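Enquirer: Please arrange chains B and C on chain A, whose structure you already have, making use of the hints.
Chains as they are written, first to last, in this note's numbering: chain A, 6 to 249; chain B, 1484 to 1774; chain C, 145 to 490.
Hints are computed from structural coordinates only; laboratory data are not their basis.
Everything hinted at is true.
DMTMM-like mimics (lysine to aspartate or glutamate), calculated; alpha carbons at most 20 Å apart, straight line:
1) LYS330/C - GLU120/A
2) LYS83/A - GLU345/C
3) LYS68/A - ASP28/A
Rough simulated footprint, nothing fancy, chain C against chain A, three-plus residues with beta-carbon under 8 Å:
4) 101–107
5) 151–164
Please read all numbers here as calculations on a predicted model, not as lab measurements.
Beta carbons are placed, not taken as given, at the ideal position from N, Cα and C, and that holds for glycine.
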Amino acid sequence: MTLLRVSKLSKYFGGLAAVQDLDLFAEKGEIVGLIGPNGAGKTTVFNLISGYLTPTGGEIAFKGESLAGLKPNRVCKKGIGRTFQIVQPFAGLTVLKNVMISALNRTEKPKIAEEKSLDILQFLGLSEKRNFPVGSLTIADRKRLELAKALATEPELMLLDEVAAGLNPRETEDIIGMIKQINKRGIGLLMIEHVMKAIVSLASRIVVINFGIKIAEGAPSEVLRHPEVVKAYLGGDIKVAEHK
Amino acid sequence: MISATMILQLLINGILRGSIYALAAIGMTVIFGVMNIINFAHGALMMLAMYITYWLFTLLGVDPYLSLVISVPTLFILGGFIEKYLIHKSLDEPEINQFLITAGIMIFIENAMLFLFSPDVKATSVSYKGAAISIGNVIIGLNPLAAGLIAAAITAGLYFFNKKTDLGRALRAVAANKEAARLMGINLNYIYFVAFGIGSACVGAAGTIISPMYYIFPQAGDLFLLLAFVIVILGGQGHVVGAFFGGLIIGVVESLCILVIPGSTKDAVVFAVFILVLLFKPLGLFGKRRQ
Amino acid sequence: MNRTNFSRTFLSVVLLALFLVAPFFVGPYFLHILIMTFLFAYLARSWDLIGGYAGQLFLGPVAMFGIGAYTSTLLGVHFGLSPWIGMLAGGVMGTIVGVLLCYVSFRFGLKGIYFGLVTLTFPEICRVIVLNLDAFGGVNGILIPFKERSPLGALLYMQFAGKIAYYYMSFLMMLLSLYVIHRIQKLKSGYYYLALRENEEAAEAVGVDTLKYKLMVTGIGSFFLAVGGTFHAQYLMMVNPETFFGMDFTLEVIIRSIVGGVGTVFGPVIGSFILTPLSDISRAILGGYQGVHLMLFGAIIVAIIIFLPKGVGEWLGRGYRFLEARFGGKMPVSVKEDKDDFAESK
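This is chain A alone, in the form it adopts within the complex (with noise of 0.2 Å):
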């Protein structure tokens, strides 16, 4: 059974579609890139998924179950974790709370919740600042506690959005490098990008919309030279890359 499917899915704002007719699946343990140029409803996208936002039509499936009308926690419980484009931590509290509230998904024991958290944090290389308050760490930390967030609920699929921004280049290799294990580990991966290093070293498969409309869909090196992709990021920011 496909892990995530996601069918017809629209979404008007009064007369506005930021999304339309969408067809999106991911099976376990896949890597999905989703590419477009700004404001091309991707972000909605993640929000519709997760439950932020509810479908004006369409179905949105996990694991065979709908996820129509849920809302974010119970999103999250089902499975998906999601990390956002502008990172969302517990901003007054330490590194370690942050991820301890979000291993809480999977135990009523914040001891469990602390080994656990413990665990993430080595595995994402933040130990050392786990008593940090949030407020001190650099950007490409705030990244990674991000992620560590998502990784704490022992989510089967994560969404991220634009994990690789604002990030150097030798950020950018540890954070792709951290998400290979991650998707070592069996969790599917939805990735909204504009890096598209970080997209091409891990997606296996490309999802181009623009509009709210798919326009695109296939492995990177076809994707990325399809034409109406080429014409929808003409004057776009897409970063083109040495992704031979």
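Expert: Below, chains B and C without anything else, positioned relative to chain A:
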């Protein structure tokens, strides 16, 4: 026996009374719209204007309507200074701090007046106090009528100010999205000063024009503060015209309540209306979604 | 046990002992101030659970306080029920009303200031209703009829001749409220309340049922506020709309939490220990001059928000750490070193 005339009279009283509530509320909605805070000191500022008007009349014989020229600018500056030197810092802090600091200012002002002028009730006894005209069987007090007209004029003035002038547009920009406004080069500090000043000036005008009709005492502003909350929500956050009509509605509701229920229970009705509006139409009659 | 913990425990024990024996050395006026200090420490501590720790703009604690007071009083007057039962009943009533009020607000999507306005005006509705209904005693309220004088009777009806019993009761209540937050901090729900305060959207994304936990924390806080209402009613031997549903109470409670350090464990208690005696003494000294002590009160509120927005507790904590850094290990007692208790509950 409830006659049509009685109802008409109550309606008119309500509308005229409501226009004063509206004027007080308009000040609050400007502040709420631009700065996203509820100014708990609002009623206290209105009371200050009442006292200013009273003393100008009693000591210098200045007619209340003329003293608008003094009370309005004075309240504008006072409000601006309160924002700049007292409130400004707390705008980045949790809302509870903003609630407390404006409440603290209210407590200070009200009790300062209590100390200075005692709780004795004062009245501005102008010679034309009870003057009225009658149309058919309905009596319209001249003071309430003047108050209503002035309130409407100020509302209209503020509406055009917002729509047509650069400063007004800047206020609206900040109200809609302060980050975007800042990126566009608008000086937020200046805007906050002006917004609070305008808000205070409006409530100052309300205090002045109600002086001939109302008792003046340190807690005089409390009622208008509470009603202003209701009206601001009813009219929609930041909506001047909405607040005006909201004020009229509340004035009428309050007036008609007399028909059905005793004494101060009408306050409960007004608050119940308030909560219902908050639940079912939190954006108010004219409200738009804020970013 | 290291030196710091020993110093802390030692000091705590000393303080405890002092408070326990105080009634034997101190006159009724000071006992009264202490009772009010403990009571408001308890009330502020209870409010802080909802408004500080969970970060909800809950501006109507007086509603629960009044509901608790009137429930136990009415049950006592009409059915002769012991106030202990009445206290429990009042607590339950307060919880139900608090949870309902919040449920309705949150279901309708009210947040922040809008939620604050609902909670602010709801007690006003209660006050006006109680004011105008004879069944609730109207403007003069209800006097609690004096019952037997025997010690057992006094205990049963929570009516004590002197202040001593109220003193120990309020002291225990304050300790209880501190114990409650101490326990909650270690629970899953405690962590979730922090998440509510810091970032609701993020909380939802990591599996927190924000509605459920908002209602939970409101329910708990409301219960304790209502119980406090019963205590105060029995202490005053009466209830009336102004004292028990008036907005002044809300301000008094919240300001103590902010002054001491909102969201911290001891903040509300510190705030009460600073403001309650100050308020009483200034009223005694300046009360002759109409409004002066309240002017002072207003000025203090404004000054604290401007200069010490994180509260006195945090400022003391900073000062202490500064002194410690300056003078090395020479400080004899490191009471405030544990950040968790005096700084943020983080």
